[in-house]
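Engineer: Residue numbers (the working numbering), protein chains in the order written: chain A, 746 to 1129; chain B, 746 to 1129; chain C, 746 to 1129; chain D, 746 to 1129.
Hints were generated in silico from the structure; no laboratory data involved. Do not rely on the hints blindly, as some may be mistaken.
One copy or two, either will do: identical chains are not told apart, so a pair holds if it fits within one copy or between any two.
DSSO-like mimics (lysine-lysine), calculated; alpha carbons at most 27 Å apart, straight line [what the hints assert, rightly or not]:
(1) K933 <-> K846
(2) K904 <-> K930
(3) K1001 <-> K933
(4) K930 <-> K755
(5) K1060 <-> K1075
(6) K927 <-> K846
(7) K1002 <-> K911
(8) K1002 <-> K755
(9) K1060 <-> K1001
(10) K1075 <-> K911
(11) K755 <-> K904
(12) K883 <-> K1060
(13) K1075 <-> K883
(14) K911 <-> K1001
(15) K927 <-> K883
Protein chains: 4
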Amino acid sequence: MTDPNPLIEKFRVFVREHVLGREAWLDSSPEHPLAPIVELERQGISNWWVPAMYGGLGLSVRESLDIVELLAYGDAGLANGIAGRSLAAAAIRIYGDDAQKRNYLAPSATDPTFFGALSATEEAAGSELLRTATVARKLGNEYLLDGLKFVSTGAALAKFTVVLAKVAEGDLRAFIVPMDAKGVKVVKRWRTEGLRSYVYSQVALERCRIPASLMLRGQGVRLVEAATSAMRPQIAATAVGIGMRVRDVCLEYGAKKMLGGRPLAQNDVFAAKLGQMEAELTTMRAVAREAAVEFDEIVRGSDPEEHFRRHGGTKSAVVAKLICGQLGWKIASAGTEMFGGLGYMQEHIIWKLLRDVRHVAILEAGEDVIRALLHARHCVPIFE
Amino acid sequence: MTDPNPLIEKFRVFVREHVLGREAWLDSSPEHPLAPIVELERQGISNWWVPAMYGGLGLSVRESLDIVELLAYGDAGLANGIAGRSLAAAAIRIYGDDAQKRNYLAPSATDPTFFGALSATEEAAGSELLRTATVARKLGNEYLLDGLKFVSTGAALAKFTVVLAKVAEGDLRAFIVPMDAKGVKVVKRWRTEGLRSYVYSQVALERCRIPASLMLRGQGVRLVEAATSAMRPQIAATAVGIGMRVRDVCLEYGAKKMLGGRPLAQNDVFAAKLGQMEAELTTMRAVAREAAVEFDEIVRGSDPEEHFRRHGGTKSAVVAKLICGQLGWKIASAGTEMFGGLGYMQEHIIWKLLRDVRHVAILEAGEDVIRALLHARHCVPIFE
Amino acid sequence: MTDPNPLIEKFRVFVREHVLGREAWLDSSPEHPLAPIVELERQGISNWWVPAMYGGLGLSVRESLDIVELLAYGDAGLANGIAGRSLAAAAIRIYGDDAQKRNYLAPSATDPTFFGALSATEEAAGSELLRTATVARKLGNEYLLDGLKFVSTGAALAKFTVVLAKVAEGDLRAFIVPMDAKGVKVVKRWRTEGLRSYVYSQVALERCRIPASLMLRGQGVRLVEAATSAMRPQIAATAVGIGMRVRDVCLEYGAKKMLGGRPLAQNDVFAAKLGQMEAELTTMRAVAREAAVEFDEIVRGSDPEEHFRRHGGTKSAVVAKLICGQLGWKIASAGTEMFGGLGYMQEHIIWKLLRDVRHVAILEAGEDVIRALLHARHCVPIFE
Amino acid sequence: MTDPNPLIEKFRVFVREHVLGREAWLDSSPEHPLAPIVELERQGISNWWVPAMYGGLGLSVRESLDIVELLAYGDAGLANGIAGRSLAAAAIRIYGDDAQKRNYLAPSATDPTFFGALSATEEAAGSELLRTATVARKLGNEYLLDGLKFVSTGAALAKFTVVLAKVAEGDLRAFIVPMDAKGVKVVKRWRTEGLRSYVYSQVALERCRIPASLMLRGQGVRLVEAATSAMRPQIAATAVGIGMRVRDVCLEYGAKKMLGGRPLAQNDVFAAKLGQMEAELTTMRAVAREAAVEFDEIVRGSDPEEHFRRHGGTKSAVVAKLICGQLGWKIASAGTEMFGGLGYMQEHIIWKLLRDVRHVAILEAGEDVIRALLHARHCVPIFE
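Next up, chain A with everything else stripped away, as it sits in the complex (with noise of 0.2 Å):
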């Protein structure tokens, strides 16, 4: 089967050739630059989403899903960290001015291995952004930052990373940050239970000064509310790709395992399993689309700024994120229990997709948190 998009197709036989097989080394933390993500940059397609006015390949959220569908089936942490590449640049096409945009996008369109990363997240903060301890202070035409960032995707390889700091009390602004800026320190990789063949990293701001012409536009959460909300959709397709290798997994076992004389696809247990199993993918994929598409319409709408500072991140977003984040872990939970003894060894990729699919759910805002953003936000009657 080939896809008729042929741009998803190249990612179907990039997945095949270059990941499929490699999952135990790809669980194994290995040291970069990565074969595969250097094949993509080879083949110029890992900065998909570069706008076309940028000369790049425009890709919208919704096709993103796609490609990150892909990825994810073979290598989550492959496709989270190549997808995040993103984050900041969507940041910087709604919240950029010309300048930045020129400067801090539009390079990614000709340069793969050009793209930056999104340090929000503080240790005690956790995912109340409006206790961020990151300050910047303003001395003439520089902004002097300094804090710790916990958690930043991908900073240890991208060019610069997008920081939320704290410019006054209530006051929280993003800046641009090059990666090779005095003060800007990768302190540490983080060993993740999944997502380990990317680059989970520290970064700690010690006395950084940048000129002030790399603050961007608008308030700091409503920024971080509109780049997850590009990025949420595709958080949420990871676990969909991995979702459909659990459920090819049990496939190929059911295919070949003997119970009772028969094989195991033809018990009704087994079948009921699958069949829930797919009507949840199903499912996953439609709120990842639905999620996708609100994006990009707010996107190409006319002032997607002002409709983030009006409505904060799309509601579509966090409900892709939370449903898929549990219905990920249903799917992922039934897998470790169907091969038998046989899935509790290591050598099974089982309990890889099962700790690859757990960052959907805690990684950048956690269930609780999600829900109740829902409630406080989004739960309205319909009669009043």
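Got chain A sorted already, so can you dock chains B, C and D onto it with the hints?
Structural biologist: Structure of chains B, C and D alone, referenced to chain A:
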């Protein structure tokens, strides 16, 4: 809040003025004709699904969902009964010849009380349509039908019903049977747990003669699958409407019930439950819409009959029904606990909502049937 | 199969002869006196819990569970109502003085219609007993009670009720109030969703005067906790009995319903569901028994009053209620799906079982209240 | 808090001093002999289950649960491995003759390093013991064994293993096979996801000759069922210990993590989660204890061999394993979400606990096998 679509807004106003507040009466298995249905017919909007080429309003299944949600928010029996009118119409639209369409589809455009039922299910066969025992014997230019159809929504009120019958071993066909044909008898009105405002009947066919010209094209099972591919998204939307009603009843309670000296709405656990519900409602809506859009595209396509012949019913429709049945039950179950002892009193609405929503999971193919079907037909690995 | 314990066997025979087959009538909120209860009283086994030292049968709570399971298998309203007679008795046994025991506990041994109710819950206070609004003012040798008690099981049939009232801010006490005392009024019989065979009433106290000698010892909240520590295992056992009935109705259906040409009982998915139910029933019974045994040991101990003063209600009793409420609902929910459309008809028993079992999770402290309590009082790390 | 039972208290002290704090090392598949096990042996408490009549400590299975909970709280691999020593002992105790008991059970009392393993499972047969392919052919006074046993806990460290083998079609028997017998080979140490501190090996039997006197009495399947009836409650207790560890890690986090300016422990949702966990832990413990008590009573009874011949393994033991596997996974799953991003780091203990607890549901009969068994053997209606 008003709906931008004036026709949907009509239904919104209808629900507010003719349904809300009458739930206890609607839940009492009232005699037909039902005042709210008469009102819908008076407004000329009861048969919204008649194609424009026959002079109807021509709403797609996708648009129907918005109506069904609103109706089900008010009363699910009403929603299901009215939307159920489109089931026979969908069958005739795809499998009828010109005369059949002229005589049994077109009249619904001008006569708001004109519609058909579907009579497929039998007691012993259950979900296994291939075990249908009703027979149709050809006698010259006529067919002679004999059998007992277990549940037929709205047959007691319909002008005709589409009957599934066996013309030879392994050969099922569908027939248009006028309700006033000799030998057709509505045997019994079921007292169902939910959906009590509508009429679920047993229909007996005893030596019932109809002209051979009333046989529809195509294999009977495919015809039923095609028709239910239109109906299942609407059944799923019923669950969405009921679920939204549960949410709104909870929100109202949370605003006034005091716990620990504060409104319950400020309690974290209450917020978490409502946030989860909200996410599930958004999810249910997404899968129902996806299923509706798929059906609409098939029907707008060049040869829907051929499509269903080759592919059977849509995967998205069974997924929508399964997932909305599961999440709808989860939401309503949570609801029955939300109000403490108050919710255990018959005067409270919550148990009506619980009873109503259960039909989504039970009627017309239960969860086990759907899971087995999904495994058998729709579980396909990505890389083969 | 007969029970080795002749008293339990009596109840088994009673259920078979006087309850099974009359469920529809019992579910119709029939008027009292109820024939089966009259029969139990005639046999002299309606008050099985009266201690032997007062001339009663002296069954422990642990032994009561076997009775309650059987009764609930037949009809949960009956089980709950009859077992609920022991609630006031448990309070008097622990907190009563000799005269109170002689006058309000001992008579239950000789008069099988003599028993008390408990009137604690109020509408606004809900589960927060400390917010009780009913007041008891001391006037010489009397107390003057005023208040409205929201739900009082069996008060309409009882000879007296134990009332929780505030004698001073923060000081709650319990009083024995004869039902024929002036100012006591059964205001309303609730129409509940489940347990329809019993009588849940609102009790109003309007300038009700009782002698001061009818005040029980101890703080009121502790007294209620002690009494519910006896009752909750029995409520949990109700869920066990209902769950066993669900299982048996399923087993019967599985034996005769055909699927794919074989009895449903041979289908793997059916077997898996029944196997899971069986495990859950065994679990429910285990937690209920543990809770009963703990209470029995406390009461047989040297100073039960002091025990409850120091420790409050037993942890095992709240756990039993919570877990049996959850698993009972899970089992009955599965049941409502098992029978397809058949189970959606009012003539089927499954929805009665579902409605009945819900009270375990809802009445007398909902799940949220219990979880909060477990965290606040009983979550203690092992190594400190 | 100290345990009133001095032997249990010894284990508590052992866990605190020799296990807590060494989890990362224990999770690294360390080489044996393992220091903590050597310490247990040094204290003479590693074989607590040897009957007093053979000079052992003579603890019942019920008492063993308290030990296993504590050990599993520290490290489940340790708990499982040490408790697993009792599996072969239980088989010999019930099915051994005097010489077998003298030579293979009694030595465990005086030599704390002396114990046996059980080698039943094969790859193709999986949970279907009747499909065992290992054969034992009688040659004069000897048996010649050939086969490959997939997983055998602790065989690499044991003095002997009890092997299930086919002596004729449909006739399975158990044999005591000294690990130093010719032809016995530990082929491979499995790298399991959890329980990494213990040794799961594949054992090959290649033309292995043993004296016929080492064949145990009884049918092989019954023998395995009897032995697992002793072991399964202990496996269930492992889940209890792990679950208590999850709870305590959560409690510790809740006390120090700040949310909204207050400790997380004061958040209602946190409290609700911990309250639910606590209820589940109490439930798990209740079912494990019930299963232990049932086994102990059978063994203390007049003829345990006959009991198992007639009834097979105990229902309570399979229920304990199933329910503790399910609730243990639920608790640990909740745990993996509780700590946000922190819990996703490999240095956090929560994933070790999740991986460890999974074995309860997977190893030695998965959930589907148990459910099918419960339906087939233990689902009996009350009134027949």
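Engineer: Could you run down the list of hints and mark each one as holding or not?
Structural biologist: A quick look at each hint next to the structure:
With identical chains, the CA atoms of K933 and K846 are never at most 27 Å apart, being 29 Å at best within one copy and 58 Å at best between copies. Taking the shortest Cα distances, K904 and K930 sit within 27 Å of each other inside one copy (13 Å), while across copies they are farther apart (56 Å). Taking the shortest Cα distances, K1001 and K933 sit within 27 Å of each other only across copies (24 Å), while inside one copy they are farther apart (44 Å). With identical chains, the CA atoms of K930 and K755 are never at most 27 Å apart, being 36 Å at best within one copy and 49 Å at best between copies.
Taking the closest pair of Cα atoms, K1060 and K1075 come within 27 Å of each other both inside a single copy (23 Å) and across two copies (21 Å). In this assembly of identical chains, K927 and K846 lie within 27 Å of each other by CA distance solely inside one copy; the values are 22 Å within and 75 Å between copies. With identical chains, the CA atoms of K1002 and K911 are at most 27 Å apart between copies only, with a shortest distance of 22 Å across copies and 58 Å within one. With identical chains, the CA atoms of K1002 and K755 are never at most 27 Å apart, being 33 Å at best within one copy and 46 Å at best between copies.
Only between protomers do K1060 and K1001 lie at most 27 Å apart by alpha-carbon distance; the minimum there is 26 Å, versus 43 Å within a single protomer. Taking the closest pair of Cα atoms, K1075 and K911 never come within 27 Å of each other, the shortest separation being 39 Å inside a single copy and 40 Å across copies. Taking CA atoms no more than 27 Å apart as the test, K755 paired with K904 passes inside one copy only; the shortest distance there is 26 Å, against 56 Å between copies. For the identical chains of this complex, K883 and K1060 are neighbours neither inside a copy (35 Å) nor across copies (58 Å), given an alpha-carbon limit of 27 Å.
With identical chains, the CA atoms of K1075 and K883 are never at most 27 Å apart, being 48 Å at best within one copy and 50 Å at best between copies. Taking the closest pair of Cα atoms, K911 and K1001 come within 27 Å of each other only across two copies (25 Å); inside a single copy the shortest separation is 58 Å, beyond that limit. Proximity of K927 to K883 under the C-alpha cut-off of 27 Å is restricted to the intra-copy arrangement: shortest distance 16 Å within a copy versus 79 Å between copies.
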